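The listed protein sequences derive, respectively, from chains U and P.
Here the first sequence is numbered in this note's numbering, starting from 79 and rising by one per residue.
Here the second sequence is numbered in this note's numbering, starting from 79 and rising by one per residue.
None of these hints come from the bench; they were simulated from the model.
This structure is a prediction, so every number in the text was calculated from the model and none was measured.
Accuracy of the hints is not assured; some may be wrong.
Stated by the list, open to error - Listed next, with one range per pair, are the computed distances between beta-carbon atoms:
id : chain 1 : residue 1 : chain 2 : residue 2 : range
1  : P       : N193      : U       : S295      : 37 to 47 Å
2  : P       : D214      : U       : P90       : 50 to 60 Å
3  : P       : D214      : U       : R340      : 47 to 57 Å
4  : U       : D176      : P       : D214      : 18 to 28 Å
5  : U       : R340      : P       : G132      : 20 to 30 Å
6  : U       : A269      : P       : H286      : 31 to 41 Å
7  : U       : G105      : P       : D214      : 40 to 50 Å
8  : P       : K287      : U       : Q259      : 44 to 54 Å
No residue lacks a Cβ here, since even glycine has one placed at the ideal position from N, Cα and C.
For reference, the chains in residue letters:
Number of protein chains: 2
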Amino acid sequence: MRVESEITSEAPRTGIVTMGCRASRLGEIWPWHAHDYDEICLFSDSPTTLLVEGEEMRMPENSVYVLFAGERHGFSNEGRNQPRIWAIHYHPRAGFYDGLPIREWPLRQRVWCLNRDQSASFQSLFSRLSAESVNDLPCKSEAIDSLLRLILVSLIRWRGQADSSSSVVRPDDPEVLAVWQAIHASLSQGAGDLRFQEECPNYDSVRHKFRRTYGISPREMLTRLRIERAKILLADPGLSIKEVGSRLGYLHHNDFTRAFVREVGVTPSHWRINQRKFTDPSDNELAS
Amino acid sequence: MRVESEITSEAPRTGIVTMGCRASRLGEIWPWHAHDYDEICLFSDSPTTLLVEGEEMRMPENSVYVLFAGERHGFSNEGRNQPRIWAIHYHPRAGFYDGLPIREWPLRQRVWCLNRDQSASFQSLFSRLSAESVNDLPCKSEAIDSLLRLILVSLIRWRGQADSSSSVVRPDDPEVLAVWQAIHASLSQGAGDLRFQEECPNYDSVRHKFRRTYGISPREMLTRLRIERAKILLADPGLSIKEVGSRLGYLHHNDFTRAFVREVGVTPSHWRINQRKFTDPSDNELAS
Numbered sequence: 079m080r081v082e083s084e085i086t087s088e089a090p091r092t093g094i095v096t097m098g099c100r101a102s103r104l105g106e107i108w109p110w111h112a113h114d115y116d117e118i119c120l121f122s123d124s125p126t127t128l129l130v131e132g133e134e135m136r137m138p139e140n141s142v143y144v145l146f147a148g149e150r151h152g153f154s155n156e157g158r159n160q161p162r163i164w165a166i167h168y169h170p171r172a173g174f175y176d177g178l179p180i181r182e183w184p185l186r187q188r189v190w191c192l193n194r195d196q197s198a199s200f201q202s203l204f205s206r207l208s209a210e211s212v213n214d215l216p217c218k219s220e221a222i223d224s225l226l227r228l229i230l231v232s233l234i235r236w237r238g239q240a241d242s243s244s245s246v247v248r249p250d251d252p253e254v255l256a257v258w259q260a261i262h263a264s265l266s267q268g269a270g271d272l273r274f275q276e277e278c279p280n281y282d283s284v285r286h287k288f289r290r291t292y293g294i295s296p297r298e299m300l301t302r303l304r305i306e307r308a309k310i311l312l313a314d315p316g317l318s319i320k321e322v323g324s325r326l327g328y329l330h331h332n333d334f335t336r337a338f339v340r341e342v343g344v345t346p347s348h349w350r351i352n353q354r355k356f357t358d359p360s361d362n363e364l365a366s
Numbered sequence: 079m080r081v082e083s084e085i086t087s088e089a090p091r092t093g094i095v096t097m098g099c100r101a102s103r104l105g106e107i108w109p110w111h112a113h114d115y116d117e118i119c120l121f122s123d124s125p126t127t128l129l130v131e132g133e134e135m136r137m138p139e140n141s142v143y144v145l146f147a148g149e150r151h152g153f154s155n156e157g158r159n160q161p162r163i164w165a166i167h168y169h170p171r172a173g174f175y176d177g178l179p180i181r182e183w184p185l186r187q188r189v190w191c192l193n194r195d196q197s198a199s200f201q202s203l204f205s206r207l208s209a210e211s212v213n214d215l216p217c218k219s220e221a222i223d224s225l226l227r228l229i230l231v232s233l234i235r236w237r238g239q240a241d242s243s244s245s246v247v248r249p250d251d252p253e254v255l256a257v258w259q260a261i262h263a264s265l266s267q268g269a270g271d272l273r274f275q276e277e278c279p280n281y282d283s284v285r286h287k288f289r290r291t292y293g294i295s296p297r298e299m300l301t302r303l304r305i306e307r308a309k310i311l312l313a314d315p316g317l318s319i320k321e322v323g324s325r326l327g328y329l330h331h332n333d334f335t336r337a338f339v340r341e342v343g344v345t346p347s348h349w350r351i352n353q354r355k356f357t358d359p360s361d362n363e364l365a366s
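Next comes chain U alone, as it looks inside the complex (with noise of 0.2 Å):
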C-alpha cells in the first residue's frame, strides 16, 4: 500500500535520528519541511497549529501525530500557545511496520488529539526510549526497536478506542517524571549544569529511583543528553567549537572540551571532521 513516490529508507536496524523534549517558544514557527526519516511527535500542555498535509489545523493540547519519510509538515504557535514538544526521529528497519495498520492509515488519521492518560503513558515511554537512546547497555537497538513499537502500537489502540486504558503503558511515578523534565528543561535551556538539590523537591530519595526507572542518574543522563546535543549543533558548520560550548551552557571552553573528550574519546574539533551526520537544518531547529 506504500505511495511510489514517497521516499522509503529501511535501514537494517531501526535507529533513533535525534528524540528530544523541550518547551517550544510564543509564536515559534516550524516552517514546512520534510525528512527522509519517520516521525513520531507529541504537543503536550497546550495547543496548537499543525501544518500537515497542505493545511494549517488548529489543534487542542497533546495532540500527536505519526509521519512517514518525505511527508511535509510544521507547526506554528499562535497567540498565547506554548506546548511542550516530544519529537523521535528513527529510521525503521525492514519489516519494522509489519503488523502494526498504522502504515496504511491516511495522513489525517495520522493527526489526532490523547487523553491526558494517554499522553501521560507516552510521556513515560517516551522518557524510557530516551534513556535507551542514551545509554550503551547491550542490545541497545533491540530495545529501541520494541521500545518504538510498543509506543505505535498503544498509539493504534487509542486512536481505536479513544477512553480505552493501555495494557502496554502506564505513567511512571511523577516525581521521577519530575526529575526526568527538569533535566529536559535544563538541556533545551541551555543551562548548564543543574542544581538537583535545589530544582527538585525531595531529591535525595527520588534519585534512587530515577536510577532504578532508567539505569542511570540523573547527573550521568544530563551529561549524555548535553553530549548527544553537543553532536548535533557540532555538525553545524556556522557554528564554532566555543559557541557549541556556550550554547550548552558551559561557562569554560576548556569543561566543555573535558566532558566531550571524556564522554566520546576524542575532542569536539576531533570529532566535527570525522562525523558529519546531521545535515537536514530541521534537525538543528529540534535541537536548538
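With the hints as your guide, set chain P onto chain U.
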C-alpha cells in the same frame, strides 16, 4: 550456530503457547521432558533443583532459564523447597532472535540466578505480558513480541553485568502486583471466585491502579485467566466438562458453561470438539 538436531519451530508471528505463574508443591517433581516451543522460566522465593543438560543443578531462589525447542529439562523440589514458578512457553517468529545473542549461548550459560531487583523487574514484565496474552486488543501479537523481546534484552543485560539495573523495566506498584498475585494464587488453587475486598488490602483504591496498569479490572482478569485455563484442561480428553468446571472452582456446572460461552462464544463441549491444540502432557502439568 544452530545445532542440527534441534527442533526448530518458527511461526509467522510470535505466539504464547501457555504462560502461568503458580506456587509449586513440596516434593513436586517435573520429570525430564522437551517440547517444540521455547521457554523462559523463573523459580522465585525458594531454591529448587533444576534438571538441565542431563544434570541436576541445585539452584538458589530467583533462578531462571531460557531454553529452546527440543532441549530437555525438568525440576524437583527437595526438602522444604516450594518455589513460585513463572513460565512462558512461546513460538518465536522468524527473525525473533535477531540481535539477541542469547540464541547462540551454550545451554549452561542460559541457566543462572537473578538478584532480587532483577527478579522483581522480571515479574513486572511477566505480569504485563500475561495481561496482553489474555486481552484481545489490536496488535496483540506485536505487543507480545515486543514485550518478550524486552524480557530477553533484560535477561541478557542482567547475565552480563549482574549488579546493574536496567533501563527497560522496573517493578510495578507493589499493591498492584499483590492483587495480580492474589488472582494467580486463587487460580492455581482452583479456589473459584476471589473475594477481592477481603483478600486485598486497600482494594478499592488499588483496583483503579490495576486497571490503568493492565487495561482490565482484577475481576475481568481472573475470569479471562480461568477461561484460558479451562481451554487447556478441556484439551485433556480424560477430564469431563463437569470436572473441568470444578477444578476451576465453579460450584455449579452451569456457571462454568455460562461464563465460558460469555467469553469464548461457544460452549465448552463445542470448543473441545473443534480445538485440540495442547497435546503435550507437560502443559497440563504446568497448568494444574
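Hints and how they fare:
no. : hint                        : verdict
1   : P:N193 - U:S295: 37 to 47 Å : violated (19 Å)
2   : P:D214 - U:P90: 50 to 60 Å  : violated (34 Å)
3   : P:D214 - U:R340: 47 to 57 Å : holds (50 Å)
4   : U:D176 - P:D214: 18 to 28 Å : holds (20 Å)
5   : U:R340 - P:G132: 20 to 30 Å : violated (49 Å)
6   : U:A269 - P:H286: 31 to 41 Å : holds (37 Å)
7   : U:G105 - P:D214: 40 to 50 Å : holds (46 Å)
8   : P:K287 - U:Q259: 44 to 54 Å : violated (22 Å)
Figure legend: structure checked against the earlier numbered hints; hints not met, in rising order: 1, 2, 5, 8.
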